[in-house]
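As you go down the protein sequences, you meet chains H and S in turn. According to our numbering, the stretch in the first sequence is residues 53 to 750, in order. According to our numbering, the stretch in the second sequence is residues 53 to 750, in order.
Treat the hints as calculated values from the structure; they're not laboratory data. Be aware that one or more of the hints could be misleading.
When chains are identical, the list treats them as one kind, so a pair holds in a single copy or across two.
Lysine-lysine pairs mimicking PhoX-like chemistry, simulated, CA-CA at most 25 Å apart [as the list claims (entries may be wrong)]:
| no. | residue 1 | residue 2 |
| --- | --- | --- |
| 1 | Lys497 | Lys665 |
| 2 | Lys408 | Lys665 |
| 3 | Lys328 | Lys150 |
| 4 | Lys527 | Lys256 |
| 5 | Lys462 | Lys739 |
| 6 | Lys384 | Lys655 |
| 7 | Lys187 | Lys658 |
| 8 | Lys187 | Lys211 |
| 9 | Lys408 | Lys381 |
This one's a predicted model, so the numbers in the text were calculated from it and none came from an experiment.
Protein chains: 2
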Amino acid sequence: MIAAIKRVCIHYQKLLHLRTVSKMASGSEAVLAPLRQAVKEQGAVVRKLKEGGGPKSEVTAAVAQLKACKKALENKEKSLSPPTKSLFDKAGLEDLMKRRFFVAPSFSIYGGVAGLYDYGPLGCTMKNNLLSLWKAHFVEEEDMLQVECSTLTPEAVLKASGHAERFSDLMVKDLITGEFFRADHLLEEHLEKLSSKAAPDKIKEYQEVIRKVDGYNKEQLGAKLTEYSVTAPLTNNPISAPVELNLMFGTSIGPSGQLASFLRPETAQGIFVNFKRLLEFNYGRLPFAAAQIGKAFRNEISPRSGILRVREFEMAEIEHFVNPEKRNKFPKFDKVADLRLTLYSATDQIEGNSPKALRLGDAVEQGLVANETLGYYMGRIHEFLLRAGINVEHLRFRQHMSTEMAHYAKDCWDAECKTSYGWVECVGCADRSCYDLEKHAAATKVDLCAKEQLPEPRLVEVVEALPDKGAIGKKFRKDAKALLEWLAGQEREAMQKLESQLSMGAATVTVGGNEFTLEPAMIKFKTYQKEVHTVDVVPSVIEPSFGVGRILYCVLEHNLNVREGDSQRVWLSLPPAIAPIACSVLPLSGNTQFQPYIDTIVKELKVARVSIKVDDSSGSIGRRYARTDEVGVAYGVTVDFDTLTSSSVTLRERNSMRQVRVKMGDLCSVVRGLVDGDMTWEQVEGKYPLFTGQESTN
Amino acid sequence: MIAAIKRVCIHYQKLLHLRTVSKMASGSEAVLAPLRQAVKEQGAVVRKLKEGGGPKSEVTAAVAQLKACKKALENKEKSLSPPTKSLFDKAGLEDLMKRRFFVAPSFSIYGGVAGLYDYGPLGCTMKNNLLSLWKAHFVEEEDMLQVECSTLTPEAVLKASGHAERFSDLMVKDLITGEFFRADHLLEEHLEKLSSKAAPDKIKEYQEVIRKVDGYNKEQLGAKLTEYSVTAPLTNNPISAPVELNLMFGTSIGPSGQLASFLRPETAQGIFVNFKRLLEFNYGRLPFAAAQIGKAFRNEISPRSGILRVREFEMAEIEHFVNPEKRNKFPKFDKVADLRLTLYSATDQIEGNSPKALRLGDAVEQGLVANETLGYYMGRIHEFLLRAGINVEHLRFRQHMSTEMAHYAKDCWDAECKTSYGWVECVGCADRSCYDLEKHAAATKVDLCAKEQLPEPRLVEVVEALPDKGAIGKKFRKDAKALLEWLAGQEREAMQKLESQLSMGAATVTVGGNEFTLEPAMIKFKTYQKEVHTVDVVPSVIEPSFGVGRILYCVLEHNLNVREGDSQRVWLSLPPAIAPIACSVLPLSGNTQFQPYIDTIVKELKVARVSIKVDDSSGSIGRRYARTDEVGVAYGVTVDFDTLTSSSVTLRERNSMRQVRVKMGDLCSVVRGLVDGDMTWEQVEGKYPLFTGQESTN
């Protein structure tokens with residue numbers, strides 16, 4: 053995930069600083085041609101430099117320029133694409149989220165804390181529903197092993213994983229106030245400001261630097277900050293040279309801070325350190341997948357973009373452990389092979405092409421997606437996001453380019469959703485090779501291998517020590533046992549070495565801190581062939597990693613609508629299983645005769661575990677429907693005067709606003725069926741008489 | 053919760069240091085009489101001292117002695133009660149939990165961290181089931197507002213709540229190694245050691261100090277440590293005087309630690325700081341309840357007792373906000389009034405009586421439980437714990453004594469479960485009065501009131517300022533507006549004061565940091581009666597607070613059984629809705645003809661969202677049943693040779709180990725019905741033919 057996270061930051065930066073670039077062009081489809089050409093040409097430059105083994109600094113600069121060209125193209129494409137129905141109503145959605153308490157800033161009465169948010173009743177229930185769907189779709193459907201590990205993580209674990217060293221941003225400090233700023237942001241903002249009143253050649257120079265900023269290392273960034281005399285914003289105070297600031301929250305465990313620790317920046321490590329237990333739980337067999345839902349924490353320097361970049365957030369991660377030699381085949385791959393995904397390959401990004409819709413089976417066959425296991429998860433992620441309410445038109449899988457991918461990763465694709473903030477990474481799906489387990493095994497000296505059954509037994513050479521127990525016991529007394537155990541546990545290489553040493557005279561070995569000087573007569577060696585049936589395998593890890601809050605936000609943006617002819621009447625087209633409330637129950641008026649019917653309906657729907665809310669407030673029925681539509685309540689049941697005589701109620705569907713008349717005895721199973729997707733609204737309309745009239749009373 | 057937590061610590065201490073006391077008695081029921089008498093007499097001493105206004109130190113000492121007497125009685129009662137079927141098989145349970153990966157120490161491969169545990173697949177699923185039941189039983193059934201708030205909490209919030217100051221333990225430091233120890237534990241252990249080889253009068257003195265240790269303040273504890281020359285354990289190094297060590301994990305938010313923060317020690321504060329939003333969500337009406345499930349963190353000095361005292365744990369908390377004048381009546385109280393709860397009142401604790409089974413309605417009527425709202429929640433907690441699998445024989449509600457209850461609390465009862473560790477507090481249920489909201493309102497100057505409709509309008513006196521806007525505008529220019537707004541917003545008292553000041557000449561007021569000197573001619577005052585329809589109310593809070601891990605542990609202990617005649621065959625009698633796996637699916641053997649049937653059953657049960665696990669390992673069917681019984685799998689479906697011809701399978705119930713033969717078409721609805729509790733096993737046996745034979749094959 054480290055690489056992925058860094059990339060997101062870069063992604064946002066780009067969206068910001070390339071606004072200027074994209075302003076330079078204007079107009080129709082033809083406008084795209086020169087931009088595409090620029091990307092293509094720069095792509096060629098990069099390839100040439102790399103192939104020719106050009107100096108690293110030049111490659112870095114060329115790649116930065118390529119990225120900038122790509123982004124300019126993408127922004128232009130975005131500006132030219134037809135505006136989508138309310139997709140970009142950011143202000144409207146944020147107002148709705150706050151007003152109806154889906155999500156709101158934490159500790160507001162204390163002035164608030166940037167990057168911390170609380171989920172209110174609607175947001176919390178919607179998040180629970182999203183996670184419930186996730187569990188059904190992944191954990192239950194795929195028989196994953198769900199775990200829940202500690203948030204507090206000792207430093208040693210995060211040193212091994214690489215987070216303690218590399219999970220950081222470059223920062224500068226206001227030398228007077230002590231405030232910190234992102235070094236790259238500061239340089240960009242400074243140059244943007246200079247650009248606004250500079251001569252054309254200077255503008256060109258500044259934009260050149262802005263384009264290259266992602267590629268600068270600490271020293272280069274420091275040099276540029278000095279060259280352009282950048283000072284702290286607002287105060288204009290002098291600033292320090294850039295320093296790396298780790299993004300993890302530190303704390304310590306125990307009364308006197310004995311154990312330096314961090315809040316986990318991702319949930320994955322908890323799974324890796326439990327690998328042996330999980331393998332045993334799975335009867336020692338590969339492959340298997342473990343899953344975890346839980347909070348992770350990142351001390352973002354300047355949180356922004358609402359709930360998209362926060363300091364405390366929920367993740368849902370899967371670690372699929374597989375024999376690296378077997379990841380190319382996945383038994384259930386057929387089930388997703390025919391899905392058409394929008395794939396934005398690294399090559400297409402470099403060459404300035406648009407993303408392409410491709411059959412997943414073909415993508416794997418062509419080698420675009422590294423293997424069937426990775427491909428299978430991409431397909432399942434695609435299906436999950438659609439079930440959650442993501443609009444397929446605004447979903448794509450973007451492949452990491454080699455420059456942004458961690459060196460150990462084999463392939464990595466991000467599921468990105470288009471929103472008013474641009475394309476947002478919601479799910480990362482990476483083939484991480486054996487990196488994580490190898491790192492933890494090296495740090496702990498604990499063997500993190502699986503034993504794989506060989507298709508047929510293999511012959512291996514064994515060198516066995518045959519100690520003279522009497523002689524050894526006599527010389528080493530109480531320490532003899534440890535020595536004998538050690539001799540029995542050694543690998544072939546160690547025994548061969550000892551045999552050769554003893555062939556030349558006495559030899560000394562160290563066991564448990566004690567030195568033993570062995571005489572040649574004490575040990576004989578036997579060399580023979582042995583049949584082995586298993587081989588040790590360090591599994592590869594395929595890691596789909598979900599940002600739950602981000603998906604929730606994108607689902608909300610993709611489902612925000614306005615009723616035709618009434619721009620004030622906002623409604624959410626959330627899937628019934630995701631909607632914070634599945635069904636509202638409304639008495640037509642405050643007439644007390646309705647109460648027993650309301651009570652019965654509420655009781656029955658609760659038993660059926662349909663989430664409901666009674667709205668017995670005084671507004672007209674139309675106004676109350678509007679209020680429930682606004683938060684995505686999927687169905688509405690109204691008790692009216694006809695109920696008193698016919699024991700039937702109206703059932704309303706949110707999207708069509710159409711209503712049917714249903715007998716109370718049928719109501720529960722109809723609503724449950726609709727929410728579970730066992731029944732469609734069309735089927736309901738086919739079975740029950742349409743009802744008209746109430747809605748117009750507002 | 054603060055008081056409750058401190059109390060738990062005391063509770064455990066007592067269990068420890070009173071072992072010696074309880075050893076002094078022995079034998080039959082008659083043995084209890086003198087212990088009861090001792091408690092009664094000491095209770096009388098305490099009452100007399102309190103009534104007579106005796107010196108505080110004497111009262112404290114007498115209360116400490118009383119507690120010791122009570123505990124001795126309780127321990128004796130415990131030792132005399134008939135041993136319960138496997139209730140105290142701590143070692144067996146811990147072995148099972150580790151071996152089958154319910155719960156295991158975190159970061160073991162890195163040497164582990166005390167007080168941190170990971171939930172494996174079975175523990176995690178069982179916890180999910182427990183929380184799912186909790187949500188259905190409380191949040192859904194009672195229409196609570198579920199929220200999810202930040203874990204990171206700024207210091208200011210926890211200063212206002214009292215945690216920053218009071219959430220601490222007294223510790224001493226090894227002056228050489230720097231290691232910390234609980235001061236009271238150290239003194240106790242030291243005196244226990246001395247007791248073992250001391251003269252009778254010395255033993256009496258030591259035991260006296262041990263009994264009083266809970267009542268000592270920092271200075272008294274320090275004096276005793278010096279008096280008895282206590283040193284650090286193992287090293288015998290000198291120790292420091294006791295210091296208060298806060299139990300919260302500190303961290304800081306932002307790049308340079310600008311914002312001192314803590315990991316929340318409980319989830320409740322997140323609800324309090326969102327009170328206004330939640331009130332608005334509830335249309336401004338009282339009462340309402342908010343609920344939160346989430347992690348809390350406490351930097352325990354010496355975690356122990358397995359998962360009962362840990363540093364990171366899940367809580368489920370409810371805050372019920374109610375007009376303090378209306379908490380005596382609760383509309384649904386009738387639904388729980390007839391429940392018989394085992395109540396251990398403060399009086400019974402003081403007088404040395406045993407807990408009593410009492411009708412909840414009577415307990416409230418007698419004033420034993422403070423009000424119907426508190427009583428209702430106690431009833432609902434009782435029902436929940438039984439549904440979760442707690443054995444009613446080992447459940448009691450213990451009332452806090454005035455000495456252990458926070459000064460602001462009105463009444464507090466802990467649901468305690470009996471385990472091999474003694475009585476464990478699993479749920480606290482407190483009437484916290486208006487404490488929390490008043491504290492946050494005072495700290496933030498934000499009004500945290502609800503407006504309650506008066507039954508009939510009330511007349512109040514209003515003093516209204518009638519400013520001469522011309523004169524004010526002329527004198528104060530641009531500042532005039534702020535002054536006028538201020539005048540319009542003042543309460544009666546402030547206006548009366550200003551009127552009286554101005555009647556004597558010019559008066560000065562400060563608004564927004566500016567001073568305004570007003571002349572008598574500038575303002576006239578009008579006094580009149582006004583009808584008001586609402587009154588401001590700071591709600592009382594009733595707080596049921598659940599320790600999820602503790603409940604899970606107690607449920608496991610209460611459901612651990614051994615098959616008759618085979619002490620090796622351990623099984624868990626977990627309720628089907630709580631069991632980590634509801635149903636196992638087993639092919640009789642590795643015969644490939646069984647596979648399509650297994651696939652069909654798995655698919656259908658998954659659609660019905662019955663949690664399942666296929667066990668196609670090679671053990672005999674009996675051995676495989678034993679393995680599923682051991683982790684509490686409620687039902688087992690076996691595909692055998694008859695399935696191939698009759699399309700029927702066997703369905704086995706875990707507790708009775710009886711089996712029936714069910715058609716595959718009926719299987720899903722039968723299992724779903726059993727898990728949901730819509731159907732009993734007896735009904736299933738009535739409907740389907742019994743099947744015998746397989747089990748004996750192991």
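Now for the hints, and whether the structure bears them out:
Taking the closest pair of Cα atoms, Lys497 and Lys665 never come within 25 Å of each other, the shortest separation being 56 Å inside a single copy and 33 Å across copies. Taking the shortest Cα distances, Lys408 and Lys665 never come within 25 Å of each other, neither inside one copy (44 Å) nor across copies (40 Å). Proximity of Lys328 and Lys150 under a CA criterion of 25 Å is satisfied inter-copy only: 13 Å between copies versus 45 Å inside one chain copy. Proximity of Lys527 and Lys256 under a CA criterion of 25 Å is satisfied in neither setting, with 82 Å inside one chain copy and 56 Å between copies.
In the homo-oligomer, the alpha carbons of Lys462 and Lys739 never lie at most 25 Å apart, since the shortest distance is 54 Å inside one protomer and 57 Å across protomers. Only between protomers do Lys384 and Lys655 lie at most 25 Å apart by alpha-carbon distance; the minimum there is 14 Å, versus 42 Å within a single protomer. Both within a single protomer and between protomers do Lys187 and Lys658 lie at most 25 Å apart by alpha-carbon distance, with minima of 22 Å and 12 Å respectively. When the C-alpha separation of Lys187 and Lys211 is checked against a cutoff of 25 Å, the pair qualifies neither within a copy, at 31 Å, nor between copies, at 39 Å.
Only within a single protomer do Lys408 and Lys381 lie at most 25 Å apart by alpha-carbon distance; the minimum there is 24 Å, versus 65 Å between protomers.
Consistency note: the structure conflicts with the earlier hints numbered 1, 2, 4, 5 and 8.
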